[in-house]
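Engineer: Given the coordinates of chain H, work out where chain U should sit on it, guided by the hints.
Residue strings, one per chain:
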Amino acid sequence: MKTPHTARPPGLPHIAGEGARIEVTGLTKRYLTPKGETFTAIRDVSMTVEAGQFCSIVGPTGCGKSTTLAQVSGLEHPSAGSVKVGGNLVEGITNGVSYMFQADALFPWKSVLSNVMMGPILLGMPKREATDLARDWLRRVGLAGFEDRYPHQLSGGMRKRVAMAAALINNPRILLMDEPFGALDVQTKAIMQNELLKLWEELRPSVLFITHDLDEAVALSDRVVIMTSSPGSIKDVFDIDLPRPRGNVQEIRHEEQFLDLQGRIWESLKDEVTRAYALTAGAA
Amino acid sequence: MTALTHNETRKGEKAVDTEAAAKDAGRLKARRRSTSIWIGRIALAVAVVGGWQWFTTEGWVDKFFFGQPSEIWDSLVRLFTEGTAFGTIWENLGVTAQEAFLGFLLGTTVGVVLGILLGSNKYLSAVVGPYIRIVNSIPRIVLGSIFIVAFGLGVFPKILLAAVLVFFVVFFNAFQGVREVDQNLVANVRVLGASPYQVAMHVTIPSAMTWIIASLHTAFGFAIIGALVAEVLGAQKGIGLIISQAQGTFDPNTVFACMVIIAVVTLFAESLINMLEHRLLKWRPPNRSEAQAI
Chain H
1 MKTPHTARPP
11 GLPHIAGEGA
21 RIEVTGLTKR
31 YLTPKGETFT
41 AIRDVSMTVE
51 AGQFCSIVGP
61 TGCGKSTTLA
71 QVSGLEHPSA
81 GSVKVGGNLV
91 EGITNGVSYM
101 FQADALFPWK
111 SVLSNVMMGP
121 ILLGMPKREA
131 TDLARDWLRR
141 VGLAGFEDRY
151 PHQLSGGMRK
161 RVAMAAALIN
171 NPRILLMDEP
181 FGALDVQTKA
191 IMQNELLKLW
201 EELRPSVLFI
211 THDLDEAVAL
221 SDRVVIMTSS
231 PGSIKDVFDI
241 DLPRPRGNVQ
251 EIRHEEQFLD
261 LQGRIWESLK
271 DEVTRAYALT
281 AGAA
Chain U
1 MTALTHNETR
11 KGEKAVDTEA
21 AAKDAGRLKA
31 RRRSTSIWIG
41 RIALAVAVVG
51 GWQWFTTEGW
61 VDKFFFGQPS
71 EIWDSLVRLF
81 TEGTAFGTIW
91 ENLGVTAQEA
101 FLGFLLGTTV
111 GVVLGILLGS
121 NKYLSAVVGP
131 YIRIVNSIPR
141 IVLGSIFIVA
151 FGLGVFPKIL
161 LAAVLVFFVV
171 FFNAFQGVRE
181 VDQNLVANVR
191 VLGASPYQVA
201 MHVTIPSAMT
211 WIIASLHTAF
221 GFAIIGALVA
231 EVLGAQKGIG
241 LIISQAQGTF
251 DPNTVFACMV
261 IIAVVTLFAE
271 SLINMLEHRL
281 LKWRPPNRSE
291 AQAI
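The listed protein sequences derive, respectively, from chains H and U.
Residues in the first sequence are numbered consecutively from 1, following UniProt numbering.
Residues in the second sequence are numbered consecutively from 1, following UniProt numbering.
Chain H extracted, bound-state conformation (with noise of 0.2 Å):
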């Protein structure tokens, strides 16, 4: 009982409305190549999340950073290991989860309104429910008067604010997102960035957050996992004890304690980045 409850919006009583414990024990994943060989994405990666947590994973290029989160959603199955959500075993897909992709997923050929309703809508929420709570969202992501745009017409910090409206209005237990500032240019990161934080300090899910960035990185969790290259398991883990809330993510760049951390996280992945890229360099 993290968050009080005036601070949630209102409906869907069967979503477990805290953060969940994210739980990874020993978690390998290999694909089969077309060819029939096995690839070995990650290698018994272990891992927890707190309820409520918001823990980056930091890797190079290709180290299963997104297969990490596939298994946790229950999108694919694990080939060894397990993923536990909130003390339950993962098979199929995990409850209360909502993804965040670096490409905004959203559906060109409905508008803003209704990319946002679909959440609630595939829950079985009525669709009049559905459209308050989704005019509600947008208004909170400051995009009221946006409702009938389809996401072409939209820019690009505008599309990932609806996105992170259809991601948040189910009031998911876990948020995953891979990498979903990637493509912003600087400024309409940060501003994200702040966004984001606000957000999840309202509902207070728990995040699993992929990025390249290490400042975003530090910036926004309490937890850094850093990956090893292909195939890929964890290397070092980073409690970040900055204090909550964080406010403006770009002035805290500045703070000693953050530039401290982010030296010792960055001595840690120096040696994967270089080793992935002599990787690729003599594949290539």
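Worth flagging that the hints you see were computed from the coordinates, not collected in a lab.
Virtual Cβ for every residue (Gly too), placed ideally from N, Cα, C.
Among the clues, some could well be false.
Examples of chain H residues toward chain U, derived with CB under 10 Å [claimed, not checked]: (1) G74; (2) Y99; (3) S111; (4) L123; (5) A166.
Straight-line C-alpha distance at most 35 Å; calculated DSBU-like pairs for lysine-lysine [to be verified]: (6) H/K110 to U/K282; (7) H/K110 to H/K35; (8) U/K29 to H/K189; (9) H/K198 to H/K84; (10) H/K35 to H/K84; (11) H/K84 to U/K282; (12) H/K198 to H/K235; (13) H/K110 to U/K122; (14) H/K127 to H/K235; (15) U/K282 to H/K127; (16) H/K35 to U/K122.
Structural biologist: What follows is chain U alone, placed relative to chain H:
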């Protein structure tokens, strides 16, 4: 102070002035452009039809074999006023249009359903895929003979041939459309708890719709071809029958007249499909449909 404000308003006025002038100039330019396009179009038509008329009148081209625009017009008038040996032109046109339309509906429906089914099921598509490619490579128009032998001279074999021709166009597009669906979008709704049916309704089908509708333009042309060819092969009524009759009596003008009639029908159907496209795909950024206008 006053001088400054005065100066400012004058400056403002000037800006508005030049902007209005630029707008006028732009409008004039656009109008000139569209006029010159229309002049070009009409000149082209006059050159082709007039040239044809001229060459045949002068006897450089034998009008017995190649027809003549003025006589095509005469035979068009005759078709509509006197009718044909098989009833009025409207009756025959109605039969052909009906065959083409029903064939179009049947082929489109089956094509869309199978395309989406195979597109979303990897195993099924791997099993059936090669056979579909084989069937696609045989000259399907020959199937018309088989259909007429099997089902007689009625309307049904024509519908069937039109449907077969339409099917492949629509099928391949629907199949490809499903394959092109944004996998992030699918993952997104699946995580939100969508059933396979909901994934199909909310993601796969709307997404494939762009491809399917693009295929309908060509598909309707194929439906008409299917109906006509089947009628030429053997029928009791229809434009195709009039054409084959005219061929038998060495009357190219009536053949051309029938071509004109069918072209009008196809253009009309095309405009209906365009309307449908605008309705269903109004979410698309405008530049893409502009490219399709050509």
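Engineer: Against this structure, judge whether each hint is valid.
Structural biologist: Against the structure, the hints:
1. G74: Interface hint status for H/G74: holds (8 Å vs cutoff 10 Å).
2. Y99: Cβ of H/Y99 sits 5 Å from chain U, so the hint holds.
3. S111: Hint on H/S111: holds, closest Cβ of chain U at ~8 Å, below 10 Å.
4. L123: Constraint on H/L123 satisfied, holds at 6 Å.
5. A166: Nearest chain U Cβ about 8 Å off; hint holds.
6. H/K110 to U/K282: holds (10 Å)
7. H/K110 to H/K35: The hint is violated at about 39 Å.
8. U/K29 to H/K189: violated (43 Å)
9. H/K198 to H/K84: holds (27 Å)
10. H/K35 to H/K84: Given pair H/K35, H/K84 holds - Cα atoms ~33 Å apart, limit 35 Å.
11. H/K84 to U/K282: This hinted pair is violated, its Cα atoms lying about 44 Å apart.
12. H/K198 to H/K235: Holds, at roughly 30 Å.
13. H/K110 to U/K122: Between H/K110 and U/K122 the Cα gap is close to 27 Å, so the pair holds against 35 Å.
14. H/K127 to H/K235: violated (47 Å)
15. U/K282 to H/K127: Given pair U/K282, H/K127 holds - Cα atoms ~23 Å apart, limit 35 Å.
16. H/K35 to U/K122: holds (16 Å)
Checked against the numbered hints given earlier, the structure breaks hints 7, 8, 11 and 14 and satisfies all the rest.
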